[in-house]
Amino acid sequence: MAAGKAGGLKRYHDLNGWLFIAPSILLISIFLVYPILRSLYLSFFSGKGMMMKFAGFGNVVRLSNDPVFLQALTNTITFFVVQVPIMIVLALLLAAVLNNDRLKFIGFFRTAIFLPCVASLVAYSVLFKSMFSVDGVVNQALLALHLTDAPIGWLTEPFWAKVLVILAITWRWTGYNMIFYLAALQNIDRSIYEAARIDGVPAWARFVYITVPMLKPVILFTTIISTIGTIQLFDEVYNLTEGRGSPANATLTLSLYIYNLTFRFMPSFGYAATISYVIVIMVALFSFLQFYAARDRS
Amino acid sequence: MDNRTILSRFAAGALAGASLLASTAAFAGEITIWCWDPNFNVAIMKEAGARYTAKHPETTFNVVDFAKADVEQKLQTALSSGTTDALPDIVLIEDYGAQKYLQSFPGAFAALSDKIDYSGFAPYKVQLMTLDGAVYGVPFDSGVTGLYYRKDYLEQAGFKPEDMQDLTWDRFIEIGKAVEEKTGKKMLGLDVNDAGFVRILMQSAGSWYFEKDGNLSIEGNAALKAALETEQKILQANLHKPAAGWTEWVSTFTSGDVATVTTGVWITGTVKAQADQAGKWGVAPIPKLNVEGTSNASNLGGSSWYVIDSSAEKDEAIDFLNEIYAKDVDFYQKILTERGAVGSLLAARTGPAYGEADAFFGGEKVWQNFSDWLAKVPSVNYGIFTNEVDTAVTAHLPDLASGADVDEVLKAIQSQAEGQIQ
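Sequence lines, in order, name chains H and L. Per my numbering, the first sequence runs over residues 1 to 298. Per my numbering, the second sequence runs over residues 1 to 422.
There's no promise every hint is true.
[Said to hold, decoys possible] Here are the simulated DSS-like cross-link-like pairs (lysine-lysine), alpha carbons at most 30 Å apart as the crow flies:
{"no.": "1", "chain 1": "L", "residue 1": "Lys411", "chain 2": "H", "residue 2": "Lys48"}
{"no.": "2", "chain 1": "L", "residue 1": "Lys68", "chain 2": "H", "residue 2": "Lys162"}
{"no.": "3", "chain 1": "L", "residue 1": "Lys151", "chain 2": "L", "residue 2": "Lys177"}
[Stated by the list, open to error] Residues of chain H placed beyond 12 Å of chain L at every Cβ, according to the derived structure:
{"no.": "4", "residue": "Leu32"}
{"no.": "5", "residue": "Met51"}
{"no.": "6", "residue": "Ala55"}
{"no.": "7", "residue": "Val68"}
{"no.": "8", "residue": "Ala112"}
{"no.": "9", "residue": "Thr156"}
{"no.": "10", "residue": "Glu194"}
{"no.": "11", "residue": "Ala205"}
{"no.": "12", "residue": "Gln232"}
{"no.": "13", "residue": "Ala250"}
{"no.": "14", "residue": "Leu261"}
{"no.": "15", "residue": "Phe263"}
Just so you know, these hints were derived from the structure itself, not from any lab. In this text, a Cβ means the ideal position worked out from N, Cα and C, and glycines have one as well.
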């Protein structure tokens with residue numbers, strides 16, 4: 001049959017097509033569309049546990065008066081602003097180095113750096129917790145090397161707790177981003193580099209003016225993935241602080257706050273749903289900004 | 001005979017069979033129980049189950065051991081999703097959270113007012129499981145507090161057991177300085193992300209985060225202020241070994257690094273688990289705050305058993321709790337000597353174990369002491385938002401360490417708590 005103008009409409013009316021996708025539509029509706037709509041509906045209610053009353057925009061008003069929410073928001077944005085750039089630059093540099101075929105044991109290094117992100121989230125958080133405890137291996141090493149006079153309160157002082165969370169997520173996710181860059185680097189035509197080398201372009205300039213621009217789509221992709229991951233940050237802070245975001249709420253993230261509101265405190269599902277929509281809006285906003293910043297200018 | 005008749009006869013037959021089965025095999029189920037702490041609640045529940053099974057061989061028990069936070073979160077998730085299949089038959093709930101569950105999940109727990117004789121239990125425990133005139137749950141252990149101290153360390157620093165009686169917190173701090181000077185040991189382990197210490201001190205003065213009517217009481221709460229000031233003095237004098245989390249905190253004293261522990265009586269089992277420290281420990285009443293109406297007795301934690309209303313083994317579970325926890329005085333003697341569990345069944349306290357000397361504590365009659373202190377614990381209203389306000393207090397503990405003005409800290413706690421309580 002020739003694909004004519006009526007093709008689109010014909011396909012629309014073709015029952016077989018609909019039957020094929022019906023199972024997925026059904027599942028998506030039940031497990032994706034319904035929860036999204038239901039949580040939006042919930043965000044207009046407030047009350048204790050199952051005793052909910054319609055509250056209109058009451059939860060939004062509550063948001064603006066809630067110092068804990070504002071602190072969780074600030075923490076989340078801090079993690080995002082500090083950690084994502086560090087991780088992206090680190091992953092890019094590692095990928096550039098490990099793309100060099102003349103390096104010995106290259107397979108070992110690539111695997112070693114990628115390995116952390118295969119580790120279980122809980123296992124590695126617990127490991128970090130014990131390594132960075134007051135009497136932990138890290139403090140002992142720092143003391144032995146005379147880098148510090150007193151043990152650092154990695155889990156007891158607000159500033160160091162934030163540093164620890166950033167260290168932990170950088171350790172785990174850098175290798176993951178690196179793999180994307182490595183894959184993209186393999187696709188860059190070697191003759192470009194050869195031509196640059198013949199023209200006498202130094203190595204750092206080849207990296208800045210050739211590698212980075214060529215990787216732009218992949219960098220955009222990893223940045224957005226990392227943004228979403230960081231804004232939803234939960235496992236690490238939960239496991240490092242026994243679910244408390246301690247000390248002094250310094251590591252409390254929005255996701256952890258939602259969890260506490262739902263499962264630790266007097267359950268307030270409506271308010272928690274409202275905060276989860278804050279995350280949705282943030283992710284959408286940041287992703288849009290990144291697309292905008294990385295757009296092709298003609 | 002048409003199909004419909006066959007079907008109805010078949011259904012009637014099946015029904016009769018089922019009811020026959022139910023009547024002959026009454027109470028022949030497996031009771032699933034969720035609780036935490038393998039050395040304490042889990043072990044005690046297994047003992048209780050074994051006692052019941054000895055008399056009712058058809059009933060078996062499945063005691064599931066979780067971390068406390070996991071029990072609470074699993075319970076809250078299952079209750080809010082409405083999938084009752086996921087729930088156990090009996091669950092342990094810490095007293096601070098009792099009203100929260102009762103009020104936010106109405107109908108989830110079985111009301112036991114006419115099934116259990118509550119007059120036998122300590123009234124404050126019954127009070128906190130009562131909602132709208134109905135009583136839910138079976139009272140279990142008390143969290144009456146004591147000051148556990150290492151006699152050997154204090155002796156090295158020049159103090160006798162008599163010096164540890166009826167202290168004030170200021171005197172405690174002085175002693176702590178001497179202990180560190182002489183022995184190099186810290187006076188206490190402090191989980192700097194946990195407000196339990198503040199709660200002990202506050203309740204010893206008959207105060208809580210809430211007034212009796214449930215209104216928030218932070219600014220202007222003299223007992224809370226005195227408690228925070230005491231914690232600040234300890235933090236600033238650096239008398240403590242800092243810990244992050246429960247496990248680290250427990251290891252501060254099991255490792256022998258600190259000289260004292262101030263906490264609920266349920267820690268006894270953990271202290272006694274270190275057999276090599278036998279004879280080295282003593283127990284005294286906790287020090288006093290500098291506030292009017294304060295006492296040397298307080299409470300930390302303590303929990304009770306609740307039966308899930310939708311449970312298929314509901315009646316069996318209630319019968320079990322009634323027979324063991326509400327009547328078996330002998331059972332309470334055993335869990336006291338073996339696990340250090342001070343139950344809230346009043347009759348149990350006349351049993352022989354309470355008068356016995358404990359060799360681990362150098363032959364002191366510690367149980368007699370704890371039960372005397374229990375009678376002096378000031379009763380307070382835990383309300384339904386203790387977790388929320390506790391988080392607000394915890395959030396400001398580092399400010400105390402860095403020397404913030406306590407009035408400012410109270411103001412900040414008040415503001416954070418108000419944002420949470422809605």
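Status of the hints after comparison with the structure:
Note on Lys411/L and Lys48/H: the hinted pairing holds, with a Cα-Cα distance of about 26 Å set against a maximum of 30 Å. Between the alpha carbons of Lys68/L and Lys162/H the distance comes to roughly 26 Å, so the proposed pair stays at or under 30 Å and holds. A threshold of 30 Å between alpha carbons decides the hint, and for Lys151/L with Lys177/L the separation of about 16 Å falls inside it, so the pair holds. With a least beta-carbon separation of about 18 Å from chain L, Leu32/H lies farther than 12 Å from that chain, consistent with its non-interface assignment.
Distance check for Met51/H against chain L: the nearest CB is about 7 Å away, which does not clear 12 Å, and the non-interface claim fails. Residue placement check: Ala55/H does not keep its beta carbon more than 12 Å from all beta carbons of chain L (closest about 10 Å). For Val68/H, the requirement that its beta carbon stay farther than 12 Å from each beta carbon of chain L is not met, with the minimum near 6 Å. Every CB of chain L is more than 12 Å from the CB of Ala112/H (nearest about 29 Å), matching its label as outside the interface.
For Thr156/H, the condition that its CB be more than 12 Å from all CB atoms of chain L is violated, with the nearest at approximately 5 Å. For Glu194/H, the requirement that its beta carbon stay farther than 12 Å from each beta carbon of chain L is met, with the minimum near 54 Å. No beta-carbon of chain L comes within 12 Å of the beta-carbon of Ala205/H; the shortest separation is about 47 Å. Under the 12 Å C-beta cut-off, the non-interface status given to Gln232/H relative to chain L holds; the minimum distance is some 19 Å.
Not every C-beta of chain L lies more than 12 Å from that of Ala250/H, the closest at about 8 Å, which undercuts listing it as non-interface. Consistency note on Leu261/H: stated as away from chain L, yet its beta-carbon is not over 12 Å from all of that chain's, at 9 Å minimum. With 12 Å as the threshold on Cβ separation, the claim that Phe263/H sits away from chain L is violated: the shortest Cβ distance comes to roughly 4 Å.
Of the numbered hints given earlier, the model fails hints 5, 6, 7, 9, 13, 14, 15; all others are met.
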